[in-house]
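Peer 1: Letter by letter, the chains look like this.
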Amino acid sequence: GDSVTQMEGPVTLSEEAFLTINCTYTATGYPSLFWYVQYPGEGLQLLLKATKADDKGSNKGFEATYRKETTSFHLEKGSVQVSDSAVYFCALSYSLGGGSNYKLTFGKGTLLTVNP
Amino acid sequence: NAGVTQTPKFQVLKTGQSMTLQCAQDMNHNSMYWYRQDPGMGLRLIYYSASEGTTDKGEVPNGYNVSRLNKREFSLRLESAAPSQTSVYFCASSVQAGGPGAKNIQYFGAGTRLSVL
Chain H
1 GDSVTQMEGP VTLSEEAFLT INCTYTATGY PSLFWYVQYP GEGLQLLLKA
51 TKADDKGSNK GFEATYRKET TSFHLEKGSV QVSDSAVYFC ALSYSLGGGS
101 NYKLTFGKGT LLTVNP
Chain A
1 NAGVTQTPKF QVLKTGQSMT LQCAQDMNHN SMYWYRQDPG MGLRLIYYSA
51 SEGTTDKGEV PNGYNVSRLN KREFSLRLES AAPSQTSVYF CASSVQAGGP
101 GAKNIQYFGA GTRLSVL
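These protein sequence lines are chains H and A, in that order. The opening position of the first sequence corresponds to residue 1 in our numbering, with each subsequent residue numbered one higher. The opening position of the second sequence corresponds to residue 1 in our numbering, with each subsequent residue numbered one higher.
Simulated from the structure, these hints should not be mistaken for laboratory data. On a predicted model such as this, the values are computed, not experimentally measured, just so you know. Note that beta-carbon positions come from the ideal geometry of N, C-alpha and C, so glycine has one too. Among the clues, some could well be false.
Pair by pair, the computed Cβ-Cβ distance ranges are [what the hints assert, rightly or not]:
| hint | chain 1 | residue 1 | chain 2 | residue 2 | range |
| --- | --- | --- | --- | --- | --- |
| 1 | H | THR71 | A | ASP56 | 45 to 53 Å |
| 2 | A | PRO83 | H | PRO40 | 19 to 27 Å |
| 3 | H | ASP54 | A | SER67 | 38 to 46 Å |
| 4 | A | VAL88 | H | LYS60 | 19 to 27 Å |
| 5 | A | PRO8 | H | SER83 | 37 to 45 Å |
| 6 | H | PHE18 | A | ARG77 | 45 to 53 Å |
| 7 | A | SER18 | H | GLN45 | 28 to 36 Å |
| 8 | H | THR71 | A | ARG113 | 32 to 40 Å |
| 9 | A | ASP38 | H | ASN22 | 18 to 26 Å |
| 10 | H | GLN45 | A | PRO8 | 46 to 54 Å |
| 11 | H | GLN45 | A | SER84 | 48 to 56 Å |
| 12 | H | ASP54 | A | SER115 | 44 to 52 Å |
| 13 | H | GLY1 | A | THR7 | 17 to 25 Å |
| 14 | A | SER67 | H | PHE18 | 42 to 50 Å |
Kindly produce the complete structure, drawing on both the sequences and the hints.
Peer 2: Shown next as structure tokens:
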């Protein structure tokens, strides 16, 4: 079945360090890929997405590129801030035209802590 | 600017008690979802409703029931709570379930933290 594997945490960085959180997926067909972020005490928020191969999603300085050849969607940021401390989830979904043929599969999440 | 609202935020139950978690969205979305979040497990889909009047099982439906009361509201019921149902529960909604583009992006509520003793 479909699955998402992401880097186990926790990840601890100093402010202004470079961030990479690895995400790989297993799926039949051509899923859409997402990164969601969960700040302490809150629900999940969409961070960025990509819907087809070679698409790059970006938001708030974060980027991820849909790599079909390596089935990966790694999250990167050039210079992290204390306010980026959160749990990050990689996820995939199928675009099958709607209706009941829907599934969104999450990875287990990666806790990022950024120290000043 | 409410988005997805869940009530209650916290709940403690004894084994065997029942309760209903409420969820409402004000974005005129067609599809709604219930997830549970457990340490080291990520989010797992319990039930979803692709449109008003329909519900379908997700990955972990056992021990739960749902009701899509109207387009805005989607409730999750635990008929006889068990300690294994101790978790954080999230409701989410999207314009539609599946499909290309932005319409399947899910928006989440702040969660209900449930403890079953």
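Peer 1: If a hint holds in the structure, say so; if it does not, say that too.
Peer 2: Structure-based check of all given hints:
1. H:THR71 - A:ASP56: 45 to 53 Å: violated, 27 Å
2. A:PRO83 - H:PRO40: 19 to 27 Å: holds, 25 Å
3. H:ASP54 - A:SER67: 38 to 46 Å: This hint holds: roughly 43 Å between Cβ atoms.
4. A:VAL88 - H:LYS60: 19 to 27 Å: holds, 24 Å
5. A:PRO8 - H:SER83: 37 to 45 Å: violated, 28 Å
6. H:PHE18 - A:ARG77: 45 to 53 Å: holds, 46 Å
7. A:SER18 - H:GLN45: 28 to 36 Å: With Cβ atoms ~31 Å apart, the hint holds.
8. H:THR71 - A:ARG113: 32 to 40 Å: holds, 34 Å
9. A:ASP38 - H:ASN22: 18 to 26 Å: Check passed, 22 Å falls within 18 to 26 Å.
10. H:GLN45 - A:PRO8: 46 to 54 Å: violated, 22 Å
11. H:GLN45 - A:SER84: 48 to 56 Å: violated, 28 Å
12. H:ASP54 - A:SER115: 44 to 52 Å: Cβ of ASP54 of chain H to Cβ of SER115 of chain A: about 45 Å, so the range 44 to 52 Å holds.
13. H:GLY1 - A:THR7: 17 to 25 Å: violated, 33 Å
14. A:SER67 - H:PHE18: 42 to 50 Å: Given a distance of about 47 Å, which is inside 42 to 50 Å, the answer is holds.
The structure does not agree with the numbered hints 1, 5, 10, 11, 13 stated previously, though it agrees with the rest.
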